[in-house]
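Engineer: Sequence:
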Amino acid sequence: MATTPKVHSSGNKGRSRISIFVIIALCCFFYLLGVWQKSGSGKGDGYAMEMNKQQVNCNFSPSLDFESHHKYVASVESSEPKAKVFEPCDAKLTDYTPCQEQDRAMKFPRENMIYRERHCPPEEEEKLRCLIPAPNGYTTPFPWPKSRDYVYYSNVPFKSLTVEKANQNWVEYQGNVFKFPGGGTMFPQGADAYIDELARVIPIADGTVRTALDTGCGVASWGAYMLKRNVLPMSFAPRDNHEAQVQFALERGVPAIIGVLGSIKLPYPPRSFDMAQCSRCLIQWASNDGIYLKEVDRVLRPGGYWVLSGPPINWKTYYKTWKRTKEDLEAEQTRIEDLAKSLCWEKKYEKGDIAIFRKKINAKSCKRKSANYCEASDDDNLWYKKMETCVTPFPEVESPTEVAGGELKKFPARLYDVPPRVRNGEVPGVTPESYEEDSKLWKKHVAAYKKSIRLLGTTRYRNIMDMNAGLGGFAAAMESSKLWVMNVVPIIAEKTLGIIYERGLIGMYHDWCEGFSTYPRTYDLIHASGLFKLYDNKCEFEDILLEMDRILRPEGMVIVRDEVDVINKVMKIAGGMRWDVKMVDHEDGPLVPQKILIAMKQYWVAAAAASNSTDR
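Position 31 of the sequence shown, counted from 1, bears residue number 217 in our numbering, the numbering being contiguous throughout.
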């Protein structure tokens, strides 16, 4: 009889183990494949395909390159309602500046220019929840350097300055453009000739002077021509009867903000500027115990220069034109010079309409009587703080030849040199090593940005803002004569703005729960790294994004770098704002939780908006 072979139980067990292993492996494979496709890396990513279709069929400017250099990432699906759609504001609000509106300003005292300072809408009560329209006929500004000399009338349709300043060579109206000949009240023959005279005394050409403050800048022709000499100006003027002067400045591609020397401190840290100037700015320097000159002294670096051209300088020539007595003007100039001496400033030059003073490099090099020094405090805690009539003391030095606060290298060497504030440990947590690592990291980030935005680094994106500037690494990596970056340090972030200025860059402190001190459509590109995470639960993301939309030009770009959950919240709101939006992975790959949102604001104007679409 045949015997049936026995099947050994050990073989069955082996095959069972192999089957279980194969099943587990297949489950893991399909799970990972699903995650990969969901992340946007797979070919089945509907969001990426839709974005590609939109880009093929669109008629946007050729400078806007959405070509894929990263893998697209779809936002996480949600059962929540679709994004709120923001309607256009009324056409009369095309030049809306939330914190400098004329109607609100007139409710405040005129004393010390208080009514020209920032007065923002009360919380929720008056905030707009709509999109500020561009004026009918709005055109992309001329590229730099042509923008320095020409501005489209349709973009800033105000002719008053062409009449008021007709004999001072400020601006001319020609056909459909404004022409800026480069003149000013105190330099009708042109800013170049004026700057040439300053350069006989001030080392403008060799990089010693890099940052310059222009108080009462008009249309910023001085700043425009200082840029030609690799000096980075920070210009300001109030929103007053000289209609749209700061708007003209920014349209020309010159850094400027709406501001005034009034009762609150300027939004800059101590020792920010290599020079400052007043060209017939009509600021009463000797009034109020010299409070305005003391504020300039606070932000002027040891060894820095101050230029005064206009009243009362050269009063013997102009006293009749100015309709003032010789005695009055002579007394005013004497008071200014006495005040300058008390601040350790030395008059280095006076000829014709110009006087130049230089601040001493430290207190030891200056012989002055006892002064009313400001008490030691947080020097960078400036937001809405009242100006003081006390004198800002020099930082301590060990010898008469040492520069108080630390000597800076000439630009461009100072851009990547370790700043004195870092060497001295003045900012908690920032060391020379962490500073250098930050610089390397931002060079890497910017290189990745340029792969996604083809014309980044060209004159197409001239006016750039960094909303959360940190140590200024983004601006340093972007540094070029073709563009400039307004480095904004939020008041709730670490106080790093002094480091940024020591690198030869410019910026200001600001609270992003409020409107920025600028006109609509003044920036080509806005960068925000970690900003929304910083402001989470501080104020509404919606308000921040609407403000970004207000100050961004049509067809301008936005780059937001943040954690993925924050980016998804931002994307949902931006989806209702007439922005074309996509998310891309971090340059180090999809497993990095930080993502990048890239958006372009669509072109549309007031004429295309419904007349009754204001949504408060």
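Certain hints may be false.
With a cut-off of at most 25 angstroms between alpha-carbon atoms, the simulated BS3-like pairs for lysine-lysine come out as follows [what the hints assert, rightly or not]:
1) Lys-506 - Lys-550
2) Lys-629 - Lys-668
3) Lys-629 - Lys-313
4) Lys-629 - Lys-719
5) Lys-313 - Lys-571
6) Lys-668 - Lys-719
7) Lys-537 - Lys-509
8) Lys-637 - Lys-681
9) Lys-719 - Lys-268
10) Lys-502 - Lys-512
11) Lys-630 - Lys-719
12) Lys-365 - Lys-345
13) Lys-572 - Lys-595
14) Lys-595 - Lys-719
15) Lys-572 - Lys-527
16) Lys-270 - Lys-293
17) Lys-533 - Lys-502
18) Lys-553 - Lys-527
19) Lys-313 - Lys-636
20) Lys-626 - Lys-636
21) Lys-681 - Lys-629
22) Lys-345 - Lys-313
23) Lys-596 - Lys-502
24) Lys-636 - Lys-668
25) Lys-533 - Lys-626
26) Lys-414 - Lys-668
27) Lys-596 - Lys-626
28) Lys-724 - Lys-758
29) Lys-668 - Lys-571
30) Lys-365 - Lys-668
31) Lys-270 - Lys-755
32) Lys-534 - Lys-630
33) Lys-506 - Lys-537
34) Lys-527 - Lys-537
35) Lys-293 - Lys-630
It should be emphasised that the hints constitute simulated quantities derived from the structure, not laboratory data.
Engineer: Are the Cα atoms of Lys-719 and Lys-268 separated by 25 angstroms or less?
Structural biologist: holds (22 angstroms)
Engineer: Below or equal to 25 angstroms on CA atoms is what counts here, so check Lys-533 against Lys-502.
Structural biologist: holds (19 angstroms)
Engineer: Taking only the CA atoms, is the gap from Lys-293 to Lys-630 under or equal to 25 angstroms?
Structural biologist: violated (49 angstroms)
Engineer: Below or equal to 25 angstroms on CA atoms is what counts here, so check Lys-365 against Lys-345.
Structural biologist: holds (12 angstroms)
Engineer: Could you grab the alpha-carbon distance between Lys-553 and Lys-527 and see if it respects the 25 angstroms cut-off?
Structural biologist: Status holds; Cα separation ~9 angstroms.
Engineer: Is the Cα-Cα distance between Lys-629 and Lys-668 25 angstroms or less?
Structural biologist: Given that 25 angstroms is the threshold and the Cα spacing comes to 18 angstroms, the pair holds.
Engineer: Is the hinted pair Lys-313 and Lys-571 satisfied, with a Cα-Cα distance of at most 25 angstroms?
Structural biologist: holds (24 angstroms)
Engineer: Between the alpha carbons of Lys-527 and Lys-537, is the straight-line distance 25 angstroms or under?
Structural biologist: holds (19 angstroms)
Engineer: Does the alpha-carbon distance linking Lys-270 and Lys-293 stay inside the 25 angstroms limit?
Structural biologist: With a Cα-Cα distance of about 34 angstroms, the restraint between Lys-270 and Lys-293 is violated, given a limit of 25 angstroms.
Engineer: Is the hinted pair Lys-313 and Lys-636 satisfied, with a Cα-Cα distance of at most 25 angstroms?
Structural biologist: Not satisfied, since the Cα-Cα distance of roughly 35 angstroms exceeds 25 angstroms.
Engineer: Holds or violated: are the alpha carbons of Lys-572 and Lys-527 at most 25 angstroms from each other?
Structural biologist: holds (24 angstroms)
Engineer: Under the criterion that the straight-line Cα-Cα distance not exceed 25 angstroms, is the pair Lys-414, Lys-668 satisfied?
Structural biologist: Measuring from Cα to Cα gives roughly 11 angstroms; hence the hint holds.
Of the numbered hints given earlier, the model fails hints 1, 3, 6, 8, 13, 14, 16, 19, 22, 23, 25, 29, 32, 35; all others are met.
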